[in-house]
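J.: These are the residues of each chain, in order.
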Amino acid sequence: MKASRPTPGTPRPYEFPQATRVVLPGGLRLVVAPMRRLPLVTILAVVDAGAAGDAPGQEGTAMLAAAALAEGAAHRDGPALADAFERLGTAIESGADWDDASIRLTVTPGRFDEAMALLSEVLMAPRFAAADVERLKAERLAELLQQQVEPRGLADERFARAVYDPSSRYARPAGGTPASVRALDPAHLHAWHTARYSGATTTIIVAGDVTPEQALASVERRLGDWTRPVSPALTVQTIARSASRGVHVVAKPDAPQSELRVGHVGLPRTHADYFQAVVMNAALGGLFSSRINLNLREVHAYTYGAHSAFDWRRSAGPFVVGTAVKTEVTGAAVREILLEIDRMRESEITADELGLATRYLAGVFPIRYETTGAVASALAVARVYELPDDYFSTYRERITAVTRADVHAAARTHLHPSSLQVLAVGDSSAVEGQLAALDIGTPTVTSADEGAGQ
Amino acid sequence: MQLPLASYRLPNGLLVTLSEDHSAPVVAVNLWYHVGSANERSGRTGFAHLFEHMLFQGSANVGANEHFELVQRAGGTLNGSTWLERTNYFETVPSHHLELALWLEADRMGALLPAMTQEKLDTQRDVVKNERRWSVDNQPYGTWWERLPALCYPREHPFHHSLIGSMEDLSEASLDDVAEFFRTFYTPDNAVLTIAGDFDAALARTLVERHFGAIPRGTGRPALPPMALPSTFGEWKREVVEDDVMVPRLFLAFRAPVFGSPAYYAGSVCAAVLGQRRGSRLYRALVREREVASDVSAFTWDLAKGADLFVADATARPGIDAATLESAVVGEIDRLRTEGVSPDELERALALIETDYVSSMQSAGDRADAISKFATLLGDPTVVNRQVAQYRAVTAADVTAFARDVLGAENRASLLYVPRVQTEVVS
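Line by line, the protein sequences give chains A and B.
For what it's worth, the working numbering labels the leading residue of the first sequence as 106, then goes sequentially.
For what it's worth, the working numbering labels the leading residue of the second sequence as 1042, then goes sequentially.
If we strip away everything but chain B, and leave its shape as in the complex, we get (with noise of 0.2 Å):
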């Protein structure tokens, strides 16, 4: 499975790459701007997302929530979402509705403060404070998200903090904020913009320039501080969380290669052999064998700068302690490492694998977000198309050896919720 890219930068620095398909009337314009969390300045936390909140309300042309109203009324559907290190904006549109789509990303990309208000601020932060509460603190085990990468990077690290952001932080928040943030991160030097779908190509390069050609240059993300990390923790970290919960939950997380290094690839295998569907290791032995937990699963958080994290997570089946699920998983992890991984383990999860990249190339929006991602994170949109080579080039060997050097017990970090009160259990 081959898409076709062509991609080309405009003078101002957008990297734009086109991927054509005509099988269905639908386009999608994907726009991933290099900027998330990380580059938050301190006591800032959870700015990145509300900004991204803000790009909803309005532009120079466009009015508060006119954006959605317009690509809904276009029969479209869009949206946004911030990560630890990028931001991404997205319609999917008839396709004949392509220049509308382009158009209200221009806008905002070249002219976003004139629509910027303290008011538009005031409820967009409420809104902000709703989802905190909607999918963190009012949510069992939802504080997981921020706890585990505050657990596993040391505190000046960029990708220490909490994403959301603290209700403090949250209120702090400025106009000023909003403008500084802006004029540093969205500039078209650092975004990328992926058109996936049903268009014509010198129609649609004719459109990108007419929108976006004119928007200026930014001048120059300002550097990160620095993301490199030693290879492991060098101890076993341990927060124990009495929560609001009935059952214990483990997350038990690996310091690992950055997304996109050839260690990675082995690392997303050994995910799939050790949790993913229920013929992985955890899943055979936790819930089927032993029946310690009703639910497993291991993945890692993509993440291309410094050090990614791997993470296995358990739910403990009722009656079960916490102690007896942790020995559980370690007890799969460490003979992993000893037994190694078979090439029968290594076939199911290749094959696994392989069918869920080639579904997740379905829609054009899926299409053009995967794009986007390589383009943003590893500066080469073509990897999109060397992924399922890259999975199937890893050996048994490649996987063996990720175990040892990643899943030793001088790099765990265990984030284990317990509940605040012993409930008693009915069996």
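One chain only, chain A, in its complex shape (with noise of 0.2 Å):
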């Protein structure tokens, strides 16, 4: 029946911007990687201030921080610093992850020097104005008054605390609780910028039309002399709530669909087997032609799709298959997850589900790095989990030596169904007996709001 297909011509070489990097007296690093096709250029200061560094009962520091570097700085207040950014046809984007602090923006050549200028003064001199400071505070208690009827925010929080020991950072949210966030004040966001923020962590990352050159005079002479004494970073402990199966139901009365997250704490970013994990998750649930979304979407129509990820953090995030599905199919659909984690680590994989999976990895690589916001991101994540100067130009080989064997050993060394924790947001009513039904855990059932003032 089937014609004969397009076979594909020669492969054109591909290389990742070569970046040059050079290390300040003061201890900032620079990292440039030029990239000539059009006149943009992407700056981006990463800071080696993350959310895991929050300090117990003052959690959201790290992000309430960096949100508030754009609030003013030196001379300017918050009107003037964003006046003084989008006058250069630009606008500073600062937050901060569970590993870093980081400020972006993208500007045409002509206007590097003045944004550099100005990026210094966000990142050595920032005001922390109470006013603003009270701002942002309030906004952030607004988002998460809003994630109690977002069923995907509140699944993701409510997940993490379902995984995660109480004790560990990971189990509330990088930005923050009701409670940690009221709390915070001016004077916690400047002692965080003076224990955190220094030329000795952090890294400035230039991908576009500039040369190494022109980058590293404007750095020097911006954020040249910037230095002092950090301290170190906390380390975030990952201890699992529970080592057997949980099920957790949270009450979204009448919602039509159930949000889903099926899984428990995954690897660190630097662990040895992280391709081995990239391409198992693949095949698992990566892709769209991967054995979770094509069952759960394609064969039983359960869902709009469905996702399966590691959280990759420097210490272990979760590895989590996520979706959404019609309610009355939310038992259903749980156990095609277990059963496809099992298959997972029952037995290898096929020659083409590995074929599909690592000649995906290898061949969007080069797709995923055709801009400079993504380049200086990728050239972040690099720096942030110290990884070696050639990954970028292993990264392919390394994808495509991974076999079955190592996908199997993956999967069963890094999946741990007995220890999987089911949590679903959804009506109730309809759900609590469809997930007692599949006899993996009797569910415990709370509400959208409990919990939400810790």
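Hint data in this document are derived by calculation from the structure and do not stem from the laboratory.
Note that CB positions come from ideal geometry on N, CA and C, so glycine has one too.
Any given hint might turn out to be false.
Subject to a maximum C-alpha distance of 20 Å in a straight line, what follows is the list of computed SDA-like cross-link-like pairs (lysine to any residue) [claimed, not checked]:
id: 1; chain 1: A; residue 1: K431; chain 2: B; residue 2: T1164
id: 2; chain 1: B; residue 1: K1161; chain 2: A; residue 2: G410
id: 3; chain 1: A; residue 1: K431; chain 2: B; residue 2: S1207
id: 4; chain 1: A; residue 1: K431; chain 2: B; residue 2: V1177
id: 5; chain 1: A; residue 1: K431; chain 2: B; residue 2: Q1180
id: 6; chain 1: B; residue 1: K1346; chain 2: B; residue 2: W1124
id: 7; chain 1: A; residue 1: K431; chain 2: B; residue 2: E1209
id: 8; chain 1: B; residue 1: K1161; chain 2: B; residue 2: S1122
id: 9; chain 1: A; residue 1: K431; chain 2: B; residue 2: D1163
id: 10; chain 1: A; residue 1: K431; chain 2: B; residue 2: A1191
id: 11; chain 1: A; residue 1: K431; chain 2: B; residue 2: H1094
id: 12; chain 1: B; residue 1: K1346; chain 2: B; residue 2: P1303
id: 13; chain 1: B; residue 1: K1346; chain 2: B; residue 2: P1298
id: 14; chain 1: B; residue 1: K1346; chain 2: B; residue 2: S1272
id: 15; chain 1: A; residue 1: K431; chain 2: B; residue 2: G1183
id: 16; chain 1: B; residue 1: K1278; chain 2: B; residue 2: E1451
id: 17; chain 1: A; residue 1: K431; chain 2: B; residue 2: E1160
id: 18; chain 1: B; residue 1: K1346; chain 2: B; residue 2: A1191
id: 19; chain 1: B; residue 1: K1346; chain 2: B; residue 2: N1231
id: 20; chain 1: A; residue 1: K431; chain 2: A; residue 2: A406
id: 21; chain 1: B; residue 1: K1161; chain 2: A; residue 2: V404
id: 22; chain 1: A; residue 1: K431; chain 2: B; residue 2: D1167
id: 23; chain 1: B; residue 1: K1161; chain 2: A; residue 2: A406
id: 24; chain 1: A; residue 1: K431; chain 2: B; residue 2: P1298
id: 25; chain 1: B; residue 1: K1278; chain 2: B; residue 2: W1186
id: 26; chain 1: B; residue 1: K1346; chain 2: B; residue 2: M1208
id: 27; chain 1: B; residue 1: K1161; chain 2: B; residue 2: S1212
id: 28; chain 1: A; residue 1: K431; chain 2: B; residue 2: M1208
id: 29; chain 1: A; residue 1: K431; chain 2: B; residue 2: S1176
id: 30; chain 1: B; residue 1: K1161; chain 2: A; residue 2: L399
id: 31; chain 1: B; residue 1: K1278; chain 2: B; residue 2: S1122
Some chain B residues close to chain A (C-beta under 8 Å, calculated; not the full set) [said to hold, decoys possible]:
id: 32; residue: V1067
id: 33; residue: T1164
id: 34; residue: N1179
id: 35; residue: T1365
These two chains come separately, so use the hints to put the complex back together.
T.: Given below as structure tokens:
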């Protein structure tokens, strides 16, 4: 029935943009990746000041501080700062993740030095004015309030609570809880900035239409003297909340769908099995044509889409399967997810499945890095997790070196059916019985606002 | 910034545009069909989008879901999307797989129907119903993008009804509908094909001819009902929606000049003045100074037929009631109409728009999509190279005139979401 398929031509060579790396005397690192195609430059400052380092009871400090960087620096208040950037045709986006804080902007090359000057003010001399800090706190509290009726965010937050022991930083949202955010004030932010922001903890990444010499001259002039001792970052403990399976229902009365999360503590980013785990996940649920998505969407039509992922962090972030399914099939969908996880551990994937996963991951690599922003982000990840300098030039080889046996070993070692946490945000009256009938544990039912004040 | 463009038409009517760029070994294939939810017949809301799903269910020489698998196995990315007046399909692949992407698109344009079965339709119908639950019914404010056009376009107008469709209409869709829709709209003379990135132009022309050349021309797209509308609503329309939300959100819409018209560019700049980034009027006044909103934006829908929509939206801070939020947004818009736009504000807006536009031309997929958009909606792919100049030609007086002509009280539609139960807010 099938006509012959086109045969591919000869692959053209690809090289990830060559980066020049410099460490300034004050300790600040500079990474420059020239990309000449369009008149654009992305500047990305990454600081070792992520949410993982928040002190107990002060969760949210890292994210609030990073957001507040945009609210005024040196002699400019927030509106004046926004105005100064926007006149250059750019705007800063500042925020924090678990493992770093970042400030980024994209600008035309003629405005690069001016943008760098403004960015250095923001990094070195934030104001943290009381009124701005109060406003940003109120915005975070508003976000937490709205999350109680937003099933995806609610599911993520409750899943983290189900997976990690309460003593782990990862059990609480990176942005903090209502109680921890309310407790923060400008003094906390200044102390955080003094302890964590320094030339010694900062890398400036420049990707785009600029030479390493231009970038170095600009960064030396603006940030060359920036140095001060910083406190060592905290390490996150990643103890699982429970070694046995748990079933959790978060009640959202009358919800037409159940938002599902199924998973457990995963692996740290620097784990030796990273590539094997990435390929294994791609075949399990990482791709459209993966087992979980084809099963739940194309065979059973339970969902619009289903996906699995390792959330890569410095310490072990979660491994999670996520989807949203029609209420009536909540139990059936969970059963299929559990079956697919078991099947992954039982036998090797087929050569076809391996080929799909590895060729996809290797092939999309150049497609992922067409933009200055994407290249800068990749170089930031490499810096944050201290990946080797040849990481990008060897990435595709390392992906294609993964074998079926490697994938099987990764599934057996890193998927843990007996400690999976199953969480559903949905209509508990309809969902609880379906999950109980699976015989994988007695569901506990909580409300959307339970523990929201903690 | 000028993209190299070479356009030509196949005898069957397919408009092809090639845009070469060899900086990375990737190539984008992008097809826009000039059909969207506006072309659905009554009782079939959601069909154009359901049909888009069916295009991934195989064709004469491609198995169900094989389209996704073949592209991903080649190391490529792909998807499709449906909007009110167009549907697009796109792949970005390593450049040596160009022919695969062209062949896949041509196979489904030329011979979709042999692969269609009732079972596939039933499955995709359920997938789409789940998409509706996920993106509309189970999301706070999720119904806004079907309620707003329903409020702003008259009942008989093709932009009035829901793009994602009602559950009832989705249930009614049949294989006969699939066949009729395919024969009517999925024809080469109702499509544009753009190839952008790393390819050899002569080879690309040969491959396009080889795979698309034999597909027969259609019988002509049936005319839409009259799309033209009076330039304003002639009233202030209002709809209040009680929903499962914690804080009020306002969508304030205005009937606006169509995409690509001179006033459209003034409108885009006006949207940036009002709602783009922290230096915008709404952000400064509502988020920063008065602290009545946590989030604001302003944008156009970019519809090219009859009338577009200009929308400002704002989400209330907890404790701020809907009336306060609405009067704050309206107050800023009235102030803009009275004061007019300053040269400084214009410069800020233009600088941001220009950087964003150049940034949006970085990936082959985005370039191809932009070229297809202008080719489909304006009939001229070269407009892509005149965007920056078009924006730069907008004066402060143009933006002030836009605000005066379009943002007045007799041309407003308020779609206001309020919490169903007034929740006790802890401050």
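J.: Now tell me if each hint is right for this structure.
T.: Hint-by-hint comparison with the structure:
1. A/K431 - B/T1164: 13 Å, holds
2. B/K1161 - A/G410: 16 Å, holds
3. A/K431 - B/S1207: 16 Å, holds
4. A/K431 - B/V1177: Since the Cα atoms of A/K431 and B/V1177 sit roughly 13 Å apart, the hinted pair holds (cutoff 20 Å).
5. A/K431 - B/Q1180: Measuring from Cα to Cα gives roughly 14 Å; hence the hint holds.
6. B/K1346 - B/W1124: Roughly 13 Å between the alpha carbons, so the hint for B/K1346 and B/W1124 holds.
7. A/K431 - B/E1209: Holds, because 16 Å separates the two Cα atoms, which is no more than 20 Å.
8. B/K1161 - B/S1122: Roughly 19 Å between the alpha carbons, so the hint for B/K1161 and B/S1122 holds.
9. A/K431 - B/D1163: 15 Å, holds
10. A/K431 - B/A1191: Between A/K431 and B/A1191 the Cα gap is close to 26 Å, so the pair fails against 20 Å, i.e. violated.
11. A/K431 - B/H1094: 19 Å, holds
12. B/K1346 - B/P1303: Satisfied, since the Cα-Cα distance of roughly 14 Å is no more than 20 Å.
13. B/K1346 - B/P1298: 9 Å, holds
14. B/K1346 - B/S1272: Cα-Cα ~13 Å, so holds.
15. A/K431 - B/G1183: Holds, because 17 Å separates the two Cα atoms, which is no more than 20 Å.
16. B/K1278 - B/E1451: Within the cut-off at roughly 9 Å; holds.
17. A/K431 - B/E1160: 19 Å, holds
18. B/K1346 - B/A1191: It holds: about 16 Å lies between the C-alpha atoms, which stays within 20 Å.
19. B/K1346 - B/N1231: 16 Å, holds
20. A/K431 - A/A406: 9 Å, holds
21. B/K1161 - A/V404: 10 Å, holds
22. A/K431 - B/D1167: 9 Å, holds
23. B/K1161 - A/A406: Holds - the C-alpha atoms of A/A406 and B/K1161 are around 10 Å apart, at most 20 Å.
24. A/K431 - B/P1298: 40 Å, violated
25. B/K1278 - B/W1186: 16 Å, holds
26. B/K1346 - B/M1208: 27 Å, violated
27. B/K1161 - B/S1212: OK: B/K1161 and B/S1212 at ~14 Å, within 20 Å.
28. A/K431 - B/M1208: Since the Cα atoms of A/K431 and B/M1208 sit roughly 13 Å apart, the hinted pair holds (cutoff 20 Å).
29. A/K431 - B/S1176: 13 Å, holds
30. B/K1161 - A/L399: 13 Å, holds
31. B/K1278 - B/S1122: Violated, at roughly 30 Å.
32. V1067: Check passed: Cβ of B/V1067 comes within 5 Å of chain A, closer than 8 Å.
33. T1164: 5 Å, holds
34. N1179: Constraint on B/N1179 satisfied, holds at 5 Å.
35. T1365: 15 Å, violated
Consistency note: the structure conflicts with the earlier hints numbered 10, 24, 26, 31, 35.
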